[in-house]
Amino acid sequence: MRRVIFAITVTIAGLVALLSFKSHFPERAVAAPQGQPPAPGGTPGTTAPFTGASAGKTLPAGERAVLGTVANTIYGPVQVQAVVRSGKIVSVRIVQQPSGTTEDVQIGQYAFPRLVAETLTAQSARVDAVSGATYTSGGYVRSLQSALDGAAGTGAR
Amino acid sequence: MTPRAVPARIGAGPRGGVGVGMRIGIGVGAAATAWLWWYSTPAVSGPGGWLSGAGEVCGLESGYAVVILVLLMARIPPLERGIGADRLARWHAMGGRYVIGLISAHALLIIWGYAYQAHTGLISETGTLLTGYPDVLMATVAWFLLLGTGLVSARKVRRRLRYETWYYLHLYTYLAIALAFSHQFANGAAFVADTAARFWWSALYLAVAAAVVWYRIAVPARAFARHGFAVAGTREESPRAVSVYIRGRRLTELEAAPGQFFRWRFLTRGLWWQSHPYSLSAVPSDDLMRITVVDNEGKFAALPPGTRVIAEGPFGAFTPARSGRPALLLAGGVGIAPLRAMFASLPGEVTLVYRASSEADLVFRPELDAIAASRHATVRYVTGARADLEEDPLSADGLRRLVPGLAEMDAYVCGPPGMTEAAVTALTGAGVPRRRIRFESFEF
Chain A
0 MRRVIFAITV
10 TIAGLVALLS
20 FKSHFPERAV
30 AAPQGQPPAP
40 GGTPGTTAPF
50 TGASAGKTLP
60 AGERAVLGTV
70 ANTIYGPVQV
80 QAVVRSGKIV
90 SVRIVQQPSG
100 TTEDVQIGQY
110 AFPRLVAETL
120 TAQSARVDAV
130 SGATYTSGGY
140 VRSLQSALDG
150 AAGTGAR
Chain B
0 MTPRAVPARI
10 GAGPRGGVGV
20 GMRIGIGVGA
30 AATAWLWWYS
40 TPAVSGPGGW
50 LSGAGEVCGL
60 ESGYAVVILV
70 LLMARIPPLE
80 RGIGADRLAR
90 WHAMGGRYVI
100 GLISAHALLI
110 IWGYAYQAHT
120 GLISETGTLL
130 TGYPDVLMAT
140 VAWFLLLGTG
150 LVSARKVRRR
160 LRYETWYYLH
170 LYTYLAIALA
180 FSHQFANGAA
190 FVADTAARFW
200 WSALYLAVAA
210 AVVWYRIAVP
220 ARAFARHGFA
230 VAGTREESPR
240 AVSVYIRGRR
250 LTELEAAPGQ
260 FFRWRFLTRG
270 LWWQSHPYSL
280 SAVPSDDLMR
290 ITVVDNEGKF
300 AALPPGTRVI
310 AEGPFGAFTP
320 ARSGRPALLL
330 AGGVGIAPLR
340 AMFASLPGEV
350 TLVYRASSEA
360 DLVFRPELDA
370 IAASRHATVR
380 YVTGARADLE
390 EDPLSADGLR
400 RLVPGLAEMD
410 AYVCGPPGMT
420 EAAVTALTGA
430 GVPRRRIRFE
440 SFEF
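These protein sequence lines are chains A and B, in that order.
Residues 0 to 156 in numbering that gives the first Met the number 0 are what the first sequence lists, from first letter to last.
Residues 0 to 443 in numbering that gives the first Met the number 0 are what the second sequence lists, from first letter to last.
Possibly wrong hints are sitting among the right ones.
[Claimed, not checked] Below, computed lysine to any residue pairings styled on SDA-like, alpha-carbon distance capped at 25 Å: (1) K21/A - L144/B; (2) K21/A - S201/B; (3) K21/A - R159/B.
[Said to hold, decoys possible] To give an idea of the interface, some chain A residues facing chain B are shown, with a C-beta separation under 8 Å as derived from the structure: (4) F5; (5) L17; (6) S19; (7) F20; (8) H23; (9) E62; (10) I73; (11) S98; (12) Q105; (13) I106; (14) Y109; (15) S130; (16) G131; (17) T133; (18) G152.
Derived by calculation from the structure, the hints in this document are not laboratory data.
Built from N, CA and C at the ideal position, the CB exists for glycine as well.
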């Protein structure tokens with residue numbers, strides 16, 4: 000009988016501990032100024048998913064932010080905002096990304112920094128898809144291309 | 000003693016149908032679960048996608064299979080009558096081993112596939128899954144609980160445990176299923192965005208939970224209140240065997256057929272937390288039932304009259320065939336209990352052969368003689384260790400000699416597993432078709 004009471008007590012204690020655990024997916028905020036690759040490894044603490052540049056900051060003179068269309072992929076929508084100056088892409092911000100499951104977020108965390116880095120190097124939307132994130136990459140490219148078309152159309156200086 | 004019924008598989012007729020129907024139903028459900036994965040997966044690309052996809056399929060099928068395992072043990076009357084308690088227990092045991100493997104495959108494939116897709120190492124991805132993905136830690140604890148259950152149920156380990164210890168450890172499976180449920184909805188692609196899928200999956204779990212609560216708790220509680228089972232008295236039948244008389248009200252409502260058993264829980268210190276299956280050893284009247292048990296520790300002989308009893312049942316597919324053919328009842332040792340009930344009630348011509356190691360081990364001898372006399376039936380007592388007898392009475396020849404006209408009879412065999420196996424072989428050898436043999440074997 001003593002063993003039974005012991006077992007029940009341990010079970011209840013274990014359950015209380017287990018149920019009070021809250022999972023937390025470490026979000027990485029990575030600034031990606033021109034040319035610099037994002038640092039690997041996450042720094043938990045920020046709550047926003049990956050952003051190429053912080054949102055809401057007023058842009059320096061001469062820079063324009065152009066929002067791309069929402070590209071729908073089978074895993075969810077991708078939408079980017081490109082900041083251009085004098086015909087050069089300065090940074091890319093991910094406005095919408097697939098986040099239906101934590102897996103989608105995790106894949107995005109890997110893929111988007113690489114896509115942005117390649118974009119800044121290539122200075123166009125013609126970048127290679129990230130392996131393991133084919134559809135997300137495709138959405139990124141489509142949305143970015145529409146942003147760049149918009150920037151060209153209105154003749155950003 | 001824990002008698003375990005092993006009902007014969009009757010090929011034709013309604014009894015076989017339920018088993019076949021059940022297996023088809025289980026298969027259809029598994030196929031529907033696989034379709035659910037198919038429907039919710041837009042694409043599978045790359046090795047990472049294949050690994051994750053396989054992991055997801057294993058996960059979905061595991062989530063379905065655990066619910067089926069619980070369903071098999073929910074004591075649902077059509078299943079108990081149509082398939083039989085021990086066959087259900089065997090399916091559950093086989094299925095349990097398989098499902099634990101399936102869950103383990105799910106966990107390992109997901110770790111591998113996600114790690115591949117996220118371009119991280121296996122250890123790192125395991126850490127991410129445990130701490131970053133919702134409810135995965137709970138599901139992992141559930142996985143380990145089930146692994147532990149599987150370990151404890153392995154024959155080598157189980158033999159060393161008291162039945163009650165094993166039984167209560169096994170209850171952790173309910174906890175495991177509860178812990179693992181939420182991670183399915185939180186992470187499964189099939190469920191995250193699909194309200195209908197979540198609804199039907201929840202409905203499945205709720206239906207099985209309701210069946211368990213109804214048939215394993217509510218029905219016995221209701222029977223306890225309605226029939227008021229209590230020990231009327233005990234009687235020593237032989238040095239080791241004790242009959243326990245249980246009185247009650249309106250017992251004919253239970254519709255217990257000769258050969259069936261109940262699961263008994265005697266509400267007395269030392270026995271209240273155990274539930275034992277014992278066959279009725281006499282045809283029940285409206286207010287009295289009798290079971291006869293091997294009482295090695297004297298616990299049953301010491302039962303005070305008036306002790307309340309919770310009785311679940313009746314269970315068991317070891318019942319008369321109603322074919323009109325003459326019947327042979329072949330009892331080994333304490334297997335006489337259900338056959339004694341049948342001996343009194345089977346219509347037509349009946350022959351009872353009662354095999355025991357010695358005269359002192361024969362129980363009910365005066366009763367059996369009286370029944371035989373009153374209904375012009377034949378009873379043969381065959382005692383003595385096999386080594387001492389000239390020929391093995393449980394051989395094809397021995398039986399043919401003992402029971403003239405054997406090949407035309409329905410045979411009912413009950414006793415320890417070794418004896419029933421030998422008897423079934425001998426009966427088929429003596430010309431009794433396998434489908435006319437019903438047997439139940441007790442294990443100690």
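Hint-by-hint comparison with the structure:
{"no.": "1", "hint": "K21/A - L144/B", "verdict": "holds, 21 Å"}
{"no.": "2", "hint": "K21/A - S201/B", "verdict": "holds, 23 Å"}
{"no.": "3", "hint": "K21/A - R159/B", "verdict": "violated, 39 Å"}
{"no.": "4", "hint": "F5", "verdict": "violated, 13 Å"}
{"no.": "5", "hint": "L17", "verdict": "holds, 6 Å"}
{"no.": "6", "hint": "S19", "verdict": "violated, 11 Å"}
{"no.": "7", "hint": "F20", "verdict": "holds, 6 Å"}
{"no.": "8", "hint": "H23", "verdict": "holds, 6 Å"}
{"no.": "9", "hint": "E62", "verdict": "violated, 32 Å"}
{"no.": "10", "hint": "I73", "verdict": "holds, 4 Å"}
{"no.": "11", "hint": "S98", "verdict": "violated, 10 Å"}
{"no.": "12", "hint": "Q105", "verdict": "holds, 5 Å"}
{"no.": "13", "hint": "I106", "verdict": "holds, 6 Å"}
{"no.": "14", "hint": "Y109", "verdict": "holds, 5 Å"}
{"no.": "15", "hint": "S130", "verdict": "holds, 7 Å"}
{"no.": "16", "hint": "G131", "verdict": "holds, 4 Å"}
{"no.": "17", "hint": "T133", "verdict": "holds, 6 Å"}
{"no.": "18", "hint": "G152", "verdict": "violated, 33 Å"}
The structure does not agree with the numbered hints 3, 4, 6, 9, 11 and 18 stated previously, though it agrees with the rest.
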